[in-house]
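S.K.: Build the full structure now, drawing on both the sequences and the hints.
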Amino acid sequence: MITLGKALNHGLRRALEDDPKVVIMGEDVGKLGGVFRITDALQKDFGEDRVIDTPLAEAGIIGTAVGLAIRGYRPVCEIQFDGFVFPAYNQIVAQVAKMHYRSKGKVRLPLVIRIPFGGGIGAVEHHSESPEAYFAHTPGLKVVTCANPADAYTMIQQAIASDDPVIFFEPKRRYWEKGEVDLDAPLSGAFPLHSARVARPGTDATVLAYGPMVRVALDAATAAAEDGRELEVIDLRSLSPIDYPVIFESVRRTGRAIVVHEAPGNAGLGAEIAARITEECFYSLEAPVLRVTGYDIPYPAARIEEEYLPDLDRVLDAVDRSFGW
Amino acid sequence: MAKGESVAGSDIPAGGFVQLLTPDGERVDTVTTADGTTYSVDFTDEEYRGLYRDLVTVRRLDSEAVALQRQGELGIWASLLGQEAAQVGSGRALRPQDMAFPTYREHGVLYCRGIDPIMPFGLFRGVDQGGWDPNEFKFNTYTIVIGSQTLHATGYAMGVTMDGKTGSADGEAVIAYFGDGATSQGEVNESFVWSGVFNAPIVFFCQNNQYAISEPLERQTRVPLYQRAGGYGFPGIRVDGNDVLATYAVTRAALDNARNGQGPTLIEAYTYRMGAHTSSDDPTRYRNGSEVEAWKAKDPISRLKAFLSKQKIAKKDFFAEVDAEANRQALDLRERVLEMPDPQPVTLFDNVYPNGSPEIDAQRTAFAEYQASFEGSAH
Numbered sequence: 001m002i003t004l005g006k007a008l009n010h011g012l013r014r015a016l017e018d019d020p021k022v023v024i025m026g027e028d029v030g031k032l033g034g035v036f037r038i039t040d041a042l043q044k045d046f047g048e049d050r051v052i053d054t055p056l057a058e059a060g061i062i063g064t065a066v067g068l069a070i071r072g073y074r075p076v077c078e079i080q081f082d083g084f085v086f087p088a089y090n091q092i093v094a095q096v097a098k099m100h101y102r103s104k105g106k107v108r109l110p111l112v113i114r115i116p117f118g119g120g121i122g123a124v125e126h127h128s129e130s131p132e133a134y135f136a137h138t139p140g141l142k143v144v145t146c147a148n149p150a151d152a153y154t155m156i157q158q159a160i161a162s163d164d165p166v167i168f169f170e171p172k173r174r175y176w177e178k179g180e181v182d183l184d185a186p187l188s189g190a191f192p193l194h195s196a197r198v199a200r201p202g203t204d205a206t207v208l209a210y211g212p213m214v215r216v217a218l219d220a221a222t223a224a225a226e227d228g229r230e231l232e233v234i235d236l237r238s239l240s241p242i243d244y245p246v247i248f249e250s251v252r253r254t255g256r257a258i259v260v261h262e263a264p265g266n267a268g269l270g271a272e273i274a275a276r277i278t279e280e281c282f283y284s285l286e287a288p289v290l291r292v293t294g295y296d297i298p299y300p301a302a303r304i305e306e307e308y309l310p311d312l313d314r315v316l317d318a319v320d321r322s323f324g325w
Numbered sequence: 001m002a003k004g005e006s007v008a009g010s011d012i013p014a015g016g017f018v019q020l021l022t023p024d025g026e027r028v029d030t031v032t033t034a035d036g037t038t039y040s041v042d043f044t045d046e047e048y049r050g051l052y053r054d055l056v057t058v059r060r061l062d063s064e065a066v067a068l069q070r071q072g073e074l075g076i077w078a079s080l081l082g083q084e085a086a087q088v089g090s091g092r093a094l095r096p097q098d099m100a101f102p103t104y105r106e107h108g109v110l111y112c113r114g115i116d117p118i119m120p121f122g123l124f125r126g127v128d129q130g131g132w133d134p135n136e137f138k139f140n141t142y143t144i145v146i147g148s149q150t151l152h153a154t155g156y157a158m159g160v161t162m163d164g165k166t167g168s169a170d171g172e173a174v175i176a177y178f179g180d181g182a183t184s185q186g187e188v189n190e191s192f193v194w195s196g197v198f199n200a201p202i203v204f205f206c207q208n209n210q211y212a213i214s215e216p217l218e219r220q221t222r223v224p225l226y227q228r229a230g231g232y233g234f235p236g237i238r239v240d241g242n243d244v245l246a247t248y249a250v251t252r253a254a255l256d257n258a259r260n261g262q263g264p265t266l267i268e269a270y271t272y273r274m275g276a277h278t279s280s281d282d283p284t285r286y287r288n289g290s291e292v293e294a295w296k297a298k299d300p301i302s303r304l305k306a307f308l309s310k311q312k313i314a315k316k317d318f319f320a321e322v323d324a325e326a327n328r329q330a331l332d333l334r335e336r337v338l339e340m341p342d343p344q345p346v347t348l349f350d351n352v353y354p355n356g357s358p359e360i361d362a363q364r365t366a367f368a369e370y371q372a373s374f375e376g377s378a379h
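As you go down the protein sequences, you meet chains A and G in turn. Per the UniProt record's numbering, residue 1 is the first one in the first sequence, and the count goes up by one each step. Per the UniProt record's numbering, residue 1 is the first one in the second sequence, and the count goes up by one each step.
Hints are computed from structural coordinates only; laboratory data are not their basis. A hint or two may mislead.
To be verified - Calculated cross-link-like contacts (lysine-lysine; reagent style BS3-like; alpha-carbon spacing at most 30 Å):
(1) G:Lys-296 - G:Lys-315
(2) A:Lys-6 - A:Lys-178
(3) A:Lys-44 - A:Lys-31
(4) A:Lys-106 - G:Lys-316
(5) A:Lys-31 - A:Lys-6
(6) A:Lys-21 - A:Lys-31
(7) A:Lys-31 - A:Lys-178
(8) G:Lys-165 - A:Lys-104
(9) A:Lys-44 - A:Lys-178
(10) A:Lys-6 - A:Lys-21
(11) G:Lys-310 - A:Lys-31
(12) G:Lys-138 - G:Lys-165
(13) G:Lys-310 - G:Lys-296
(14) A:Lys-106 - G:Lys-138
(15) G:Lys-165 - A:Lys-21
(16) A:Lys-21 - G:Lys-138
(17) G:Lys-312 - G:Lys-296
(18) G:Lys-305 - G:Lys-316
(19) G:Lys-305 - G:Lys-315
(20) A:Lys-21 - A:Lys-44
(21) A:Lys-106 - A:Lys-21
(22) G:Lys-165 - A:Lys-44
(23) A:Lys-104 - G:Lys-138
(24) G:Lys-316 - G:Lys-296
M.R.: Dropping the structure here:
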């Protein structure tokens, strides 16, 4: 049993070992090992050219990674916190996402941008946000997130091995949760990076979640089972593209769908997923697709963040509303 | 600097610049700057003629592009008129192994990299977004968002160092092109920080053409741009950007320093955009005719022509032959531009991701079926 954070560390280590072109870069990733220690000891073992402590400027981290990728490297950039990604936003959406398209496929940018995201750790502002929809809206980027240590270990390696630019959201409040990880499992035998996972099979309603909310959805399913309702929980894993076949199959079976995420609901991923389910599964639905999301406010002060974050009760309430339709 | 004194009304900017060929076509043998660096060039007659041919050719191709835009054949064009010497001088100073990161006006550098001059026309005609292979020609795609490419160049240069390709006379170097307006961008400043900190083998080549669309240099800076380099820990130098010999000499020296492991240089090529920013703006709204006339007297081509004539390096028939050949190339280019086919609609979906994406693949399939549904119909 290892933590999700440690699983990421092992995955990064293995990527550095397997491919000499992989480099890690970011603020404090070297000697400190990152503020969450995800890159702990990697600079010590791989050197300052492989694990690069950068100046403190996010556009610079991503922009220089673009150049390194053109040069043939596979940079893995760390953005220290979700709310700090915006100075790099231009580089990500205007350059990283488009250079392959712009160059008619001549330029590949196999880079990974790791972003610890989401709330629940009692932080100050800019340290708890869920900006995934901005990136999922941008063609040319792949956007993924993991929810448990085993996936974290596999997916970070897959993201690095992918020729696509990948935004890799790490559920920071799950960094310390433990799970079984097979550190010797070959990457070639793993699920595709864009595939969703049925985290708990069920028959009565489908709860769709990703990243930090998967744990909440699973807890809700456990509680609902005591009331005799079997919820199917799907961990999306990939937010762009979304693995819709898995979702559609589940919703057609259960007839009900509830999307859960921490980000504000307005124009969020829940809206997109609800629309797609409605388009594809309309005749199977027993109730409208419901959303359980953060409110449409800036991420609040830590002492009241629990009121903002979707929790087990709000998910169960949505389940009740779905059945009450 | 060589022309250290700034005289009101003179054509030399305050602080001077490196100049090896005066507007009247007089050669300055060598220039020694305040830091003791001596700049010169030693060209054969054939090389001098080659530079002249480059200048005339890129100007002629550019004027054809302006005409094509006016005739509605290009959506927009960013003319290089007036900046030929800065681009050809720096472009010819590059060695084959060097990598260049342009903005969107570097048609002259593109030409010097051996890329078919039709390539940028795809972008401006709207049939693609730039289709050359950056790796093959060592010339990256055009970058429209001002200054973004300076960071790409910096990262690439860091990779050169990591590959162990610096520290010798045949090492690799990188050049990043940008304008005076770009120096106000945070990303350009970040690229200076990064390059200084990592001692990257890079030359920052700023073509100060005096205007960012309508905004004059005074809206970008209160100090000469080349002086900024000191704050980042590497040398900055200003060169007469209308002097192809000086831009060549200064760029070559800076590239050699970079390839030898001596880190970055900021070059400010002091020049003037004779035309509009792009074919969409109207420069008569923001600058007066006398200013334009003054710069016309410093024209990069006429001064080299005067020098070649005076030195008897070239005669009338050479100039006539160059003009005729440039004209022929321009007309050939015109024909080829007019023949550029629109892309097949379904190519909309190509190259978003190297290995595709199930969502985009599904959209492509649906699109193709929708298109096919019109076949044989009245549409």
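S.K.: Work down the list of hints and note, for each, if the structure agrees.
M.R.: Right, here's what the structure says about each hint:
1. G:Lys-296 - G:Lys-315: Answer holds: Lys-296 of chain G to Lys-315 of chain G is near 23 Å, not above 30 Å.
2. A:Lys-6 - A:Lys-178: holds (9 Å)
3. A:Lys-44 - A:Lys-31: Answer holds: Lys-44 of chain A to Lys-31 of chain A is near 7 Å, not above 30 Å.
4. A:Lys-106 - G:Lys-316: Between Lys-106 of chain A and Lys-316 of chain G the Cα gap is close to 44 Å, so the pair fails against 30 Å, i.e. violated.
5. A:Lys-31 - A:Lys-6: Holds, at roughly 17 Å.
6. A:Lys-21 - A:Lys-31: Given pair Lys-21 of chain A, Lys-31 of chain A holds - Cα atoms ~21 Å apart, limit 30 Å.
7. A:Lys-31 - A:Lys-178: Answer holds: Lys-31 of chain A to Lys-178 of chain A is near 25 Å, not above 30 Å.
8. G:Lys-165 - A:Lys-104: holds (28 Å)
9. A:Lys-44 - A:Lys-178: Holds: Lys-44 of chain A and Lys-178 of chain A sit about 25 Å apart, inside 30 Å.
10. A:Lys-6 - A:Lys-21: holds (22 Å)
11. G:Lys-310 - A:Lys-31: This hinted pair is violated, its Cα atoms lying about 64 Å apart.
12. G:Lys-138 - G:Lys-165: holds (15 Å)
13. G:Lys-310 - G:Lys-296: Given pair Lys-310 of chain G, Lys-296 of chain G holds - Cα atoms ~20 Å apart, limit 30 Å.
14. A:Lys-106 - G:Lys-138: holds (12 Å)
15. G:Lys-165 - A:Lys-21: Answer holds: Lys-165 of chain G to Lys-21 of chain A is near 15 Å, not above 30 Å.
16. A:Lys-21 - G:Lys-138: holds (20 Å)
17. G:Lys-312 - G:Lys-296: holds (24 Å)
18. G:Lys-305 - G:Lys-316: Holds, at about 10 Å.
19. G:Lys-305 - G:Lys-315: With a Cα-Cα distance of about 9 Å, the restraint between Lys-305 of chain G and Lys-315 of chain G holds, given a limit of 30 Å.
20. A:Lys-21 - A:Lys-44: Holds. Lys-21 of chain A to Lys-44 of chain A sits at ~17 Å (cutoff 30 Å).
21. A:Lys-106 - A:Lys-21: holds (19 Å)
22. G:Lys-165 - A:Lys-44: holds (24 Å)
23. A:Lys-104 - G:Lys-138: holds (16 Å)
24. G:Lys-316 - G:Lys-296: Holds, because 22 Å separates the two Cα atoms, which is no more than 30 Å.
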